[in-house]
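A.B. asks: Kindly produce the complete structure, drawing on both the sequences and the hints.
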Amino acid sequence: MTAATERFGEPGRGGPIDRSQPRTLAAPTGYLSDVAALAGRSIRALLREPESFIPALLIPLFFFVVQVGALGKVAERAFGISSYPAFQLPVAVLFAAANTAGGNALVLDIANGYWDKLSLTPVHRSAMVIGTLIGEMFAVVGYSVLLIAFGWAIGVRFAGGEVLGALGLLGLTVLFGVGFASISVAVALATGSVRATQTTFVIFFPLLFLTPGTLPRNLMTGWFKTAVAINPVTYILEAARSFIFGFRGPVLLKGLAACIGFCAVTFLLTALAFRRRARMG
Amino acid sequence: MSHGSSRLDRMSVAILAKDLVRRFDEVEAVRGVSLEVEEGEIYGFLGPNGAGKSTIVRILTTLLEPTSGSGSVLGHDVVREPNTVRRLIGVALQEAGLDPKQTGRELLTLQARLYGLRGSVLGQQIQEVTELVGLVDALDRRIQGYSGGMKRRLDLASSLLHRPRVLFLDEPTTGLDPTSRTLIWDRVRELREQFGATIFLTTQYLEEADHLADRVAIINRGLIVREGTPEALKAEVGTDVIDVSVSDHESGAARVAILEMQSNGELPEGELRGTESGYTLFVPDGASKIAALVRGLDRAGVSTGPISISRPTLDDVFLAATGGRLQASSESQPSQDSQRVPTAQGASR
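For the protein sequence lines, the chains are A and B, in the order given.
If you count the first sequence from 1, position 222 lands on 993 in my numbering, and the numbers rise without skipping.
If you count the second sequence from 1, position 345 lands on 798 in my numbering, and the numbers rise without skipping.
Any given hint could be a false lead.
[What the hints assert, rightly or not] Computed from the model, here is a short list of chain A residues facing chain B with C-beta under 10 angstroms:
| id | residue |
| --- | --- |
| 1 | 797 |
| 2 | 812 |
| 3 | 854 |
| 4 | 857 |
| 5 | 876 |
| 6 | 882 |
| 7 | 889 |
| 8 | 890 |
| 9 | 933 |
[Stated by the list, open to error] Sample of chain A residues lacking proximity to chain B, with all beta carbon distances greater than 12 angstroms (derived):
| id | residue |
| --- | --- |
| 10 | 827 |
| 11 | 894 |
| 12 | 937 |
| 13 | 1017 |
| 14 | 1023 |
I should point out that these hints are in silico values taken from the structure, not numbers from a laboratory.
No residue lacks a Cβ here, since even glycine has one placed at the ideal position from N, Cα and C.
C.D. replies: Here is the structure:
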């Protein structure tokens, strides 16, 4: 059955719609209107819970300060980097982007029955997931803007152009953040288990630490170098740095490709998990 | 779908289920349920926990697909036309799943928008449903601060926003205090009278089914075991109900004495069932038999506790049909005619 016939009923097929009966007030909704209503709810919930977003922002900031404080001067001389804070800022931004609530809000809805309640309305089903992801996107934009502003305040400059560099970094980060959030959204949809969804956080460690986070790749050796080379986040991070240290075309392209590939995989997982959840009801 | 001469009849059918079966792995939660609810009817679905009530509601409200069989609402198949069905029905589920971080107004507004309400109609409907359930004052508070009864009322309000023609209420009063329960009962009656809504109500409280429903189906272990108006079902039992309390160690002697009286004609033949506190006898014209019963037990040297006589209740219908008592019945509401001791025997199997 097509969406259109489902939406408007089938009066032509001898359907027992009795025109003399009072009608309900329910009317078809647009996809975007459903998404907007649900995203609005996610964003409202986020702003209402500073206790969930303040740590997500403070932890990357803490890492940044410690790394720069401990290694800054040594690293600049040893690695031949002009500014270690500038080298570390994209790491902090990507950390924060991977620190969003992800599927946690969604799995709570599933566990407490609110998902069912929404499912009883004629809402477009996938809007329930897209609305959540837009809420995550909102969080990533917030974290990134604050961290980039912090970097700027302590003297990190974008060599290839301030506005273009900042926007580029922001755009790449948002894409990565939504892709990363999709992983736990997929787990939330597939399992409906609060614990499993929260545990998804552990993939943060290999993905974010097996990267050139502390030192450039050309100085690495052995298994670490190999592991870093196969991690897509490596290329995303290098592209993010490239926005600060001056645009380098091939690095940006590789990073963008890695980010799109990463998101393609996580979105696919989410879509599969969503179909499974929709079938289960 | 074939139609023809029966089409006019079908137009007045609000809910139709045909041979519904639902299996969860090994367990068959619903084992072949068929039912028909007329438009404007209040249909009570009475059964203990785990009888399959919620599973049937989830199937009929498009949340769950049946393993086999079919269901429809106002002629629309719940599996093939879920969105049409969703616009026609309002549902208050047993566990009111409400987002605690939103205020009541925000939750209702989101819900209303998903039903396609907007502008002044949206505002009017929110006002109307919150007045109906008496939540106007709490509307701008976060739901996490609501009491259990307020959450239920908010859930009920949200299910009414789009003026559904068929309303599913899954155990709307379970766990509520008597005041909230009475309020919900009054609202349910009003909804039918004002809007002609059809109401499908599940409950484990026999008083609720008795007071509210035009017709009652009794469900046990995934099957409907009796169906009819409460009066007809009680008349089917055909007898009065005498409850005799005896202590455990005299239970055997009491049983022997009663059976003996039945066989020698002092008491009429009739069903005798053990309960947790003693025995229940189903006998016609019970009032005239009490004296004989007391004499007989006395003669046998059995000292009894309280003996009561009552008209049959739906609980007795349930007992006669299934051999078990409804769980949790009569707990917060004294039953109509006499104090009867509720027992949980057989209900949780």
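A.B. asks: Taking the hints in turn, state whether each one holds.
C.D. replies: Hint check:
no.	hint	result
1	797	4 angstroms, holds
2	812	6 angstroms, holds
3	854	41 angstroms, violated
4	857	38 angstroms, violated
5	876	9 angstroms, holds
6	882	9 angstroms, holds
7	889	7 angstroms, holds
8	890	6 angstroms, holds
9	933	38 angstroms, violated
10	827	17 angstroms, holds
11	894	4 angstroms, violated
12	937	32 angstroms, holds
13	1017	44 angstroms, holds
14	1023	39 angstroms, holds
Hints 3, 4, 9, 11 from the list above are not met by this structure, while the remaining hints are.
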